[in-house]
Amino acid sequence: MRLSGAEIIIESLIQEGITTIFGYPGGVITDIYDHLEKSPIRHYLVRHEQGAVHMADGYARSSGKVGVCLVTSGPGATNTVTGIASAFMDSIPVVVFTGQVPTPLIGNDAFQEVDIVGITRPCTKHNYLVKKVEDLSRVIKEAFYLARSGRPGPVLVDLPKDVLQNKTEFKYPKKVEMRSYRPTYSAHAGQIEKAAAQILKARRPIIYAGGGVVSSRSSRELKTLAEGLTIPVTTTLMGLGAFPGRHPLWLGMLGMHGTYWANMSVAQCDLLIAVGARFDDRVTGKVDLFAPEAKIIHIDIDPTSIRKNVSVDIPIVGDCKDALSKLNQSLHKQEKSDWRKIRQPWLEQIQEWKKTHPLTYEQGKDEIKPQYVVEKLYEVTQGQAIIATEVGQNQMWAAQFYHFDRPNSFITSGGLGVMGYGFPAAIGAQVACPDRIVIDIAGDGSIQMNIQEMATAVANQVPVKIAILNNGYLGMVRQFQELFYEKRYAQTFLKGNPDFVKLAEAYGAAGLRAERPEEVVPVIEKALSIKGPVIMDFVVCPEECVAPMVPAGKGMTEMLLV
Amino acid sequence: MENNHEQKHTISALVDNEPGVLNRVTGLFSGRGFNIESLCVAETMDPLVSRITLVTRGNNQIIEQITKQLNKLVNVIKVMDFTDTEFVEREMALIKVRAEAQTRAEILRIVDIFRCKVVDVSPQFYTIEVTGNDSKITAILGLLNHLGIKEIARTGAIAMARSKKEISLKKEKIVFIEMPEEATQKTGYRP
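Here the protein sequences line up with chains A and B, keeping their order. Residues in the first sequence are numbered consecutively from 1, following the numbering used here. Residues in the second sequence are numbered consecutively from 1001, following the numbering used here.
Treat the hints as calculated values from the structure; they're not laboratory data. From the three backbone atoms N, C-alpha and C, an ideal C-beta is built for every residue, glycine too. Keep in mind that the hints are not guaranteed to be accurate.
Coverage of chain A stretches by chain B, computed from C-beta distances (three or more under 8 Å per stretch; other residues unrestricted) [unchecked claim]:
(1) 111 to 123
(2) 171 to 180
(3) 291 to 305
Given only the sequences and the hints, what does the whole structure look like? Please build it.
Okay, here's the thing in structure tokens:
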């Protein structure tokens, strides 16, 4: 069958099982759009290309499938860079198709030409410039394979206009042959035995799990390990939901804004079992003071994650699922002990920390506390919603006060920390999971960074709910200024914010506002009863801080309890 | 982290011979703050594969990251760190040195001692080709310097493991790939 490049793309996407793409048309990719209209693939027209990548990202995080987006050359391509970098930092499988000027014009500074392959080299897992239509189907096959295999990540495919128009014989490759890319899935048996022996010896062990547990779908194996040997579990921001948020062994998140008892447990544990996490600086603080007394087991599919920031006693390269199930098998064979009894002193110590410094806030009679809004969202949705967040205080309060019970339910830009991420990502998640409630917990600053996607939500009837914790500030930076810059609030007061209720209405969505504590629950209930997208504007206490907090560069036990 | 002792390392990588691959490698070094002291790239017997040899410096942890990060690049086929193995390393330099009637004899003596060659002669200059390791080239430059060096062109290092060592390296899975059939046919080369 002889097909044009544009037809090959559509056919290849169908063969990959792609049903949904997010995109924005432009001159050089009009051929693709011409064929896309006739295909069964559903296209969501965004209002800004950055939104398209975040949507594909949110779609991927909530469904575990590869997210796809399609944009034009030049500015269309450069607008995707933030989204790609965010997906890269968080290891999210996304394939981004960008248009390019015709091959004879490449390098001539043609209209809407940009070297997007050069620009995105450091922030993609891999990228391609397709120079011949004959290479196209192989490249697409490889792109999807690379995006979802090994440590997942974004892959960009740049498509010159003449490649889209030229024709060739089409046959979608059945398998991928890349001699230089062979991710290690199977964990080394010897290392597993060493790890098992170490785990059996430990008296004060902690599991520290990250996003790798979510992307390898190994929550069940993690739970088996934790329950089998009564090991308390903490996760990173990216790992929230990998372990049930109401489990007796759950410690809450660790790190800069983690719980006091999670950070104290890490500081005093004698064994740290790191699973699919990368010892990010927001987790470790000052590296020398991180788990100083502990032996460290580190399971990760990416060898570069191991020994990048901290030295590790037992490295295990492999898929978390494979490593954890092998570990569980090995531990299961060993002698049985009464682990509950053995762990008793350790668990009691943790309870003590939890009792002395719980996560807390005081809800008064007049002002709404932002934490209260998050708690009420949790209660009203019974913990079953998919929560997306923007970046800053809203993100941390969501992480602290919404107790995630299952994976793929917390959608946040963890590594790059992109303001404007949450709303489009929530749209992508809602598209992937039409039966679930999807809420974007936002700040009044960050929601304005991609508010234009409200048109996308309204036009496609994507019923995302936005909860703005409106404090009138860029709250996280204001908190830094309050604590470390003697309250000099340079440029963090957001003078000129719009009326978010009217803004929602202008887009044809619903807008609701709560200004007093007793209005919070009725507003949430009302919002959930509305079929379309809704903005809930919660006017909250302007100078509330996220607590506890470890100042950047300090040890994790040096927490400010504010 | 333990072992902060910095050491020079010569690392070879076999990579896909495609546009942009060198940029991926050098971008990796600049983006992650690793340094490159020298760099050499050329096609191998297999026209689809290039060999990059680079010299870098760092403690064990940094060198481990460099080799792992290189391996992670999709276009990198194999990586080999020669340090702590038996290997041959060579650099080359072309040196254009002022050659007056009274200094020619001395230049030729130096050329002889260092077993290098005069590859171009003009009324005022000799061009000398020298190969060897870094210290040999530095040494000859030092000797010729006071005679008046007009210009030098110097390559980075290339390296190869000594043959006996190759077998044990094989066990550690850092051997290079077999040459494909078509490459041997094209060059008529038979190992």
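Going down the list of hints, with the structure as the test:
1. 111 to 123: holds (count 4)
2. 171 to 180: holds (count 3)
3. 291 to 305: holds (count 3)
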